[in-house]
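So the protein sequences, as listed, match chains Z and R. Letter 68 of the first sequence, counting from 1, is numbered 68 in my numbering, and no numbers are missing. So my numbering is basically just the index in the second sequence, starting at one, shifted up by 304.
Just so you know, these hints were derived from the structure itself, not from any lab. You may find that some hints are simply not true.
Below are the SDA-like pairs computed for lysine to any residue, each with C-alpha atoms no more than 25 Å apart in a straight line [as the list claims (entries may be wrong)]:
(1) Lys400/R to Ala286/Z
(2) Lys400/R to Tyr202/Z
(3) Lys188/Z to Lys398/R
(4) Lys400/R to Leu246/Z
(5) Lys98/Z to Ser534/R
(6) Lys436/R to Leu115/Z
(7) Lys295/Z to Ala389/R
(8) Lys240/Z to Asp391/R
(9) Lys344/R to Arg43/Z
(10) Lys98/Z to Phe542/R
(11) Lys293/Z to Thr394/R
(12) Lys44/Z to Leu342/R
(13) Lys651/R to Glu667/R
(14) Lys651/R to Pro708/R
(15) Lys400/R to Glu187/Z
(16) Lys400/R to Leu173/Z
(17) Lys98/Z to Ile574/R
(18) Lys585/R to Gln95/Z
(19) Lys98/Z to Gly598/R
(20) Lys436/R to Thr265/Z
(21) Lys668/R to Pro708/R
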Amino acid sequence: MIHHSKEHDRKKRKKRMDTFWIILTGSLVATCSALVGCFLVLRKMAMVGDAISHAVLPGIVLAYLVAQTRDSLPMLIGAAIFGVLITILIETLHQQGKMQIDAAIGLSFTWLFALGVILISVYAGRVDLDQDCVLYGEIAYIPIDIWFWNGQDMGPKAVWQLGGLLGVIVLLLVLGYKGLKITTFDEKFAASLGISTIFWHYALMSLVSFTTVLSFESVGAILVVAFLVGPASTAYLLSKRLSEMLFLAVLLGILAALSGYFLATWLNASIAGGMAAAVGLEFVLALIWVSIKKKSLEIAFEEI
Amino acid sequence: MQTFLDFFSFTDPNVRWVVLGIMAMCAGAALVGVFAFLQKKSLVGDAISHAILPGICLSFLITESKATWALLPGAFLTGWFSLIAIDYLTRHTKLKSDSAIALVLSVFYGVGILLLTMIQNMELAQQSGLDKFLFGKAAAMVYEDVLVLIGLSILIAVVIFSLYRPFRLLSFNPEYAQSLGYPIRFLEGLLSGLTVLSVAIGVQAVGVVLMAALLITPAATARYWTNSLSVMLILATFFGAFSGLMGTYISYTYPHMPTGPWVVTVLSVIAILSVLLGRKKGVLASQRQLRRNGRKMLEENLLKCLYHLGEMDNEWQKKRTWAEITQKRLFTKKQLQRAWKALSRKKLLLADREGLLLSKEGEKMGRRITKIHRLWELYLTKHLHLASDHVHEDAEAIEHVITPELEKELEHQLGYPVLDPHEEPIPYNEDDKKDT
Numbered sequence: 001m002i003h004h005s006k007e008h009d010r011k012k013r014k015k016r017m018d019t020f021w022i023i024l025t026g027s028l029v030a031t032c033s034a035l036v037g038c039f040l041v042l043r044k045m046a047m048v049g050d051a052i053s054h055a056v057l058p059g060i061v062l063a064y065l066v067a068q069t070r071d072s073l074p075m076l077i078g079a080a081i082f083g084v085l086i087t088i089l090i091e092t093l094h095q096q097g098k099m100q101i102d103a104a105i106g107l108s109f110t111w112l113f114a115l116g117v118i119l120i121s122v123y124a125g126r127v128d129l130d131q132d133c134v135l136y137g138e139i140a141y142i143p144i145d146i147w148f149w150n151g152q153d154m155g156p157k158a159v160w161q162l163g164g165l166l167g168v169i170v171l172l173l174v175l176g177y178k179g180l181k182i183t184t185f186d187e188k189f190a191a192s193l194g195i196s197t198i199f200w201h202y203a204l205m206s207l208v209s210f211t212t213v214l215s216f217e218s219v220g221a222i223l224v225v226a227f228l229v230g231p232a233s234t235a236y237l238l239s240k241r242l243s244e245m246l247f248l249a250v251l252l253g254i255l256a257a258l259s260g261y262f263l264a265t266w267l268n269a270s271i272a273g274g275m276a277a278a279v280g281l282e283f284v285l286a287l288i289w290v291s292i293k294k295k296s297l298e299i300a301f302e303e304i
Numbered sequence: 305m306q307t308f309l310d311f312f313s314f315t316d317p318n319v320r321w322v323v324l325g326i327m328a329m330c331a332g333a334a335l336v337g338v339f340a341f342l343q344k345k346s347l348v349g350d351a352i353s354h355a356i357l358p359g360i361c362l363s364f365l366i367t368e369s370k371a372t373w374a375l376l377p378g379a380f381l382t383g384w385f386s387l388i389a390i391d392y393l394t395r396h397t398k399l400k401s402d403s404a405i406a407l408v409l410s411v412f413y414g415v416g417i418l419l420l421t422m423i424q425n426m427e428l429a430q431q432s433g434l435d436k437f438l439f440g441k442a443a444a445m446v447y448e449d450v451l452v453l454i455g456l457s458i459l460i461a462v463v464i465f466s467l468y469r470p471f472r473l474l475s476f477n478p479e480y481a482q483s484l485g486y487p488i489r490f491l492e493g494l495l496s497g498l499t500v501l502s503v504a505i506g507v508q509a510v511g512v513v514l515m516a517a518l519l520i521t522p523a524a525t526a527r528y529w530t531n532s533l534s535v536m537l538i539l540a541t542f543f544g545a546f547s548g549l550m551g552t553y554i555s556y557t558y559p560h561m562p563t564g565p566w567v568v569t570v571l572s573v574i575a576i577l578s579v580l581l582g583r584k585k586g587v588l589a590s591q592r593q594l595r596r597n598g599r600k601m602l603e604e605n606l607l608k609c610l611y612h613l614g615e616m617d618n619e620w621q622k623k624r625t626w627a628e629i630t631q632k633r634l635f636t637k638k639q640l641q642r643a644w645k646a647l648s649r650k651k652l653l654l655a656d657r658e659g660l661l662l663s664k665e666g667e668k669m670g671r672r673i674t675k676i677h678r679l680w681e682l683y684l685t686k687h688l689h690l691a692s693d694h695v696h697e698d699a700e701a702i703e704h705v706i707t708p709e710l711e712k713e714l715e716h717q718l719g720y721p722v723l724d725p726h727e728e729p730i731p732y733n734e735d736d737k738k739d740t
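Given the sequences, and given the hints that come with them, work out the whole structure.
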C-alpha cells in the first residue's frame, strides 16, 4: 500500500516536472518570437515573417537528409539558407520580375512549402519528420528529448536550444539596439548615419529563420507565426515606445504560453494550438480595452 | 507509358472524377484569384484558407459528418469572418494590413488546430480523416465531393461572366464605378463571397496552407502574357486547370506523392517561366525592349550628329570623317561601329574607311530628330516656362519617343516656329506641310 502511493507520488512529480518543462519551452518560444516579431510588425514585414516560417521547411528536410541526424546545427544552417533564399526570391520577383509584392510573397512561400511537403513524402522512410509536426508541432514530447551532459540529466534539449537563441537575440538587441531601431523607423536617416540597412534586414531575417526552426518541434512552422505576430501586434496597440512594446510583447507572450497550456489541457487538445488561441484572445481583449478608452476619450472631448 | 495511357484515357471512373473535380476547382480559384490579384489582396486569400479550418471543425462538431455539403457552411462562415476581421483591423486600428493578415491567419489557424486535436481526442467514430483538410485529400475524394466542387466552380464562373463589366470597373477604378451608380459595397461583398467559396471548396483538395497558391499564382502568371482582363481570366483559368491535371497525374503515377503540393509546384514552375519569358512583362521581353530602345537611340543620335555637321556648312550630302564625328559627339568605337553598320544596312548612310555620308533618306531622318529636339525645347520654355538652359536633357530623351502624330500636334501647337530657345533654326522636311 505504502509502496503504491510512493509510485503514485513519483508519477505525480514527474508529471508536474513535464508541465513545467512544457510551459518553459512555450514561454521561451513566445519570448524569442515576441522580440523578433516586434520588428517584423514595425517594419510592415509580418507576412514576410509568415513566408519565412513556411519556407524553412525544405531546408529542415534537406538538412535531415544530408546530415542524417536530428541535431539542431545542420537544421539551423538549412533553415537559415532557405530563410535568406526566400527573401531573395521575393525581392527578385518584385524588383527584377516586376511582380506586385503580395503575389511575390504568396507565390514564393507556397512553392517552397510545397517542395518541403514533397520532400517529406519522397523520403518518408528516411526522414523522422511527419506532416503533423509541421502543422502544429509536438510540444508535449519536448520533455522526452533530454540532453545528457557527463551523464547528468540537464533537462530537455529544446529548452537549452531556445535559451541559447534567446541569448543571441538579447545580445544582438543590446549591442545593436540603435541600429535596429533607426533602420526600422527611418531607413534614409539610418543610411545618412552610415548604418547598414541591408545588414540589419538580413540579420532580422536570419533571426526569424532561427526562431522558426527552433520552435519547429514545439509549435510547428505555422503556429510560430501566431507567436511572432500576435503578442507584438497586441503590444503595438497598447504602447507608444519601442522599449515598452518589446517588454509588453514578451510579457504577453509568456502569459499566452501559460494560459494556452491550461486551455489545451482543459479541452484535451493540442497545446500549441491552445497557446495560439490564447494569443488571439489577448489581442481581442486589448482591442476592446483600446476602443473603450478611445470612446471614453471621445465622450470627454464632447463634454468639453 | 502504360500509366500515362491509363490516366489520360480516363477509363478509370475514380481518376475521371478526381481529375475533373481538381481541374474545376483550380479553374474556379484562378478566376476569383485574378480579381484578388488586381485589387492587391492576394494574401487575404491565404488568411481565408487558414481561417477555414476552425469552421470545418465546428461544422463537424455539429453535424458529425465529413461530407462536403456538411462542412461547407462552417468553412464559409469562419472564412468570411476572417475577411471582416482583417478589414476591421486595417480600417479601425493602427495595425497595418500585413500584421492584420498574419495575425488573423495564425490565430484562426491556431483555434482550428485546437478544435481539430480536441475532436481527434474525443474518439468520435467519424473523425478519422478530418485532418486531411490540412494537406488536402485529393485522392480520397468521392463522387459527391466532386459534384459539389464542379457545381460551385460553375457557379463562380457564371457569376463572374455575368457581372464581368462591374467587376472589371471595381478592380481598376472603384471610384468611377461608384460614380456610375454601381452598388460597390454589394459587388465587393459578392466578390469576397466568391473568394471564400472557392477557398472553402479548394481546401479539400490541396489543404489550407497551399490553397493560397491556387488563388495567387495563376493570376500572377497570366499577368506576364497579357494586358487585357478577359485574356488574363482565360489564361489564369487555363494555367490553374492544367496544373490541376498535371498534379493529379503525378500523384497517380507515383502513388505516395501528394497531389496538392505537386499542383502548386507545377503552377510555380509555369509562373517562373512566365516571369522570364512572358510576352508583356517578362524579364527577357523587357530586356529585349530595353536593348531595342538603346539601339534606336544610338542610331538616331548618329543621324542627328551627321545632320548637325551638315548644318555647319549647309552641305548635308558631304562625307564626314570619323574624327569630325567623334569631335561633334562622344561615341565609343564600339557604339559607332554598331550604329553605322545598322544604318548602312537600312540604306540611310554610306560608309567607307574615311568616314560616313548621309543618304537622302538619312538626311531627312536626321533633320526630323533635330526638329523634334528643338521643337520640344521650345515647347518646354513656352508652355512650361522652363529656363532655356534646362531643357536640353529632356529633349535628348523625348526626341526618340515622339510619334509622328505627336510631332504634327507639336508643330501645329507651336505654329511652325523657325527658331528654338537657343536661337538655332528649326529645320523642316519638305513634306512637313507648312500650312500657316
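Which hints from the list above does the structure break, by number from lowest to highest?
-> none
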